[in-house]
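Line by line, the protein sequences give chains A and B. Letter by letter, the first sequence follows residues 1 to 401 in this note's numbering. Letter by letter, the second sequence follows residues 1001 to 1366 in this note's numbering.
No lab work stands behind these hints: they were computed from the structure. For glycine and all other residues, C-beta sits at the position ideal for the given N, C-alpha and C. You may find that some hints are simply not true.
[To be verified] Have a look at the derived ranges for each label pair, beta carbon to beta carbon:
| no. | chain 1 | residue 1 | chain 2 | residue 2 | range |
| --- | --- | --- | --- | --- | --- |
| 1 | A | Ala331 | B | Gly1049 | 49 to 57 Å |
| 2 | A | Gly367 | B | Glu1331 | 41 to 49 Å |
| 3 | A | Glu371 | B | Glu1217 | 46 to 54 Å |
[Said to hold, decoys possible] Cut-off 27 Å, straight-line C-alpha distance, at most; resulting in silico cross-link-like pairs (DSS-like, lysine-lysine):
| no. | chain 1 | residue 1 | chain 2 | residue 2 |
| --- | --- | --- | --- | --- |
| 4 | B | Lys1268 | A | Lys276 |
| 5 | A | Lys324 | B | Lys1097 |
| 6 | A | Lys324 | A | Lys63 |
| 7 | A | Lys400 | A | Lys237 |
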Amino acid sequence: MDFEDTLEEAGYRTQVRAWLAAHAPAHETPAGRTLPEPEFMALARRWQACKAAAGYVGIMWPKAVGGQGGTPIQHIIFHQEEEHYRLPNVPFQVGIGMCLPTLFTHGGYGVTERFVRPAVRGEEIWCQLFSEPAAGSDLAGVRARAVRAGDDWVVNGQKIWTSYAHQADYGIVLLRTDPSQPKHKGLTMFYVDMRSPGVEVRPIKTLLGDAEFNEVFFTDVRIPDSQRLGEVGEGWKVSLTTLMFERLAVGGRPAQSPDARALVQLAGTLHQGPLKESSMVESLARFYVADEGMALTRMRSTTAVSRGQVPGPEASIGKLVMAKTLQDMSAYALELLEDAGLSDREDSPAHTYKFWYLWSAGLRIAGGTDEVLRNIIAERVLGLPPEDRPDRNTPFNQLKA
Amino acid sequence: MNFDFSEEQEEIRRQAKRFLAERRENLRTVLEGGSSFDRDSWNAVVEMGWPAAAVAEEHGGLGLGYLELCVLAEEFGASLVPVPFVSSVLQATEALKLAGAVDWLPSLAAGELIGTLAFSEEGAGNSWAARPQAWVEEGRLSGSKTPVADGLAADIAVVSAVSAEDGEGFGWYLVPLTGAGVQRESHDAVDRLRKHATLRFDNAEAIRIGAPGQGSELAEKLQEICAVLTAFEQLGGAEAALAMAIDYSKTRQAFGRTVASYQALKHKMADMYVKNQLARSHAYFGAWALSHQAPELPLAAAGARLAAIDAFGFAAEENLEVHGGIGFTWESDCQLFYRRARLLAASLGGRQRWSRKLVAALAVAH
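Generate the whole structure from the sequences, applying the supplied hints.
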């Protein structure tokens, strides 16, 4: 048992470190200051192009589709090393992490050739159009309709919570093609040009006051059948590919978020005398157990990957523990700061904790609410009976709204 | 990255699991007070060679390491088989190794002697590192120690005491418990499967181990080792309690469905799983630090201890709750985990003490 890389892993890490040291600093976002969106997007595109040129995008994708043909552990190593810098990766996370793998797994002839390169180089941005106002945790309840019309499908409906839809060139979209089938069976996946007539993107202002998410409205949008991903009626299965890649893409605490050690440091600056004598010790220790426990759990999953195995079920606790712990630690820090904790100024020590307190509320929902994740652990890991799903076998158009 | 046990270590685990599963029949005899431990099972454990696992070959051991000991600790914790494995192998043997008292290792490794630790004294809380009242004069020990785990079963004890040579500090002594000047009486403890005793010494033979005045430093170090090994024992108990809850909830019917299908119970068991996974990861970090003699050991031991207290307490309490009324009965095994969780949370020092250690270690790391 150790934390050492294998010889090959160590070699790859050295190479990655040297490359990042030479290229990452010039692409970092400024500390404690939010860039205006045009500047941020330009920086993000430059960084994406820089990585693509060096072969650090799609590390574990097959070479045949434009990837590097690398191993999952190389993918992990690159991201571990990349986390040491403040890099503008967010706009491409959904596209590279989820949309492109779905596209090259299920897209027909010519699709990979046309779309992988520009996406990898940051020239085209992708978004994922799955959730709807009435289909969140219950994603298979998608209502947006696609009706066949000759070689095209005509699409009407609404998607929501779509990150970067306002910047995106393309999106993958889950649509209902046969409402006479039960909900999981009448779905089909497509990709869509976000500039098609009838696509309207409206920003949603989140509780942070910015507009990272969007609503996307489809009014008689025509999607050619050649943009279908997978068979008609197989959309649910295709979406599982996307979500499987999502699990690889998201994981531990977000880059740049405070850990339990940072909180201990903050507590130390606020406490007179030795910190270990303070009444804070039990709370600080609890945060450490959750936060560091999650990081150590990821190392167990990484070990499985390093040994050429699939990560065990322990990987399922990551987001559940991470989001709530981040929320609790941020709340605790703001309380410790007392009057200073209510400040919203960017130069205040409370600023970062305020940001993560607000953002963590969204993290607890995105990619599965705490409650959905507990259901998943209970059913898929512990083998407990599934929830009663009375709508499962009823034709979708006979369900009560 | 290689942050897991090896295939060989997992094989030891599977072997221990199979072996211990068949050794649970005398559990109730010990629980009812029929004997102080399950001697048949202990003899079988000795035959398996496990007391020798982490003792060097030159001292009659198998020369395996802490990782093998951790795997065994987890399985003993899950099975609850009432043998003095923890006291003798995970604690007394480790104390003797730490103090360099290698002459005693062969008989402990061979299972010819059962050892235990006798540090705590009446009303003294739980600091192994605190200066004791017991004293040694001309190689003879007087005073009393309580509670001593497996104090009735043990043949020898590692005892903390003061003496002229120990100066302002105190020392460690090895005391044969079968000789003159030693009185033992049963001390009722929360856990009826691990019998405790009060030991009274009146000019009992005491052999110094370790350097004079070093008792406090040795105890601090031993506490870190024991915290990691106990974390594995706790983890085994927590996993067993979760397995019990899952099994029972799948068979029990209420309101026309199995209780396992209620989301309130599913989420409770999911939370047990989460805490167990966090405890497992921290325990592994402790195992790594122990086996590598890493400077992170104080931090890793505290993390392992706190996560294990959390996980086992929660799993034992909620397992009983999932069982409902039957879980509250003497006949149910729920009580065994419920009581064991409290024993293990208290016996090495509680959450407060280890939280202070953890925060101190984190503050040093900066």
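Structure-based check of each hint:
no.: 1; hint: Ala331/A x Gly1049/B: 49 to 57 Å; verdict: holds (52 Å)
no.: 2; hint: Gly367/A x Glu1331/B: 41 to 49 Å; verdict: holds (45 Å)
no.: 3; hint: Glu371/A x Glu1217/B: 46 to 54 Å; verdict: holds (49 Å)
no.: 4; hint: Lys1268/B x Lys276/A; verdict: violated (33 Å)
no.: 5; hint: Lys324/A x Lys1097/B; verdict: violated (43 Å)
no.: 6; hint: Lys324/A x Lys63/A; verdict: violated (38 Å)
no.: 7; hint: Lys400/A x Lys237/A; verdict: holds (24 Å)
Checked against the numbered hints above, the structure breaks hints 4, 5, 6 and satisfies the rest.
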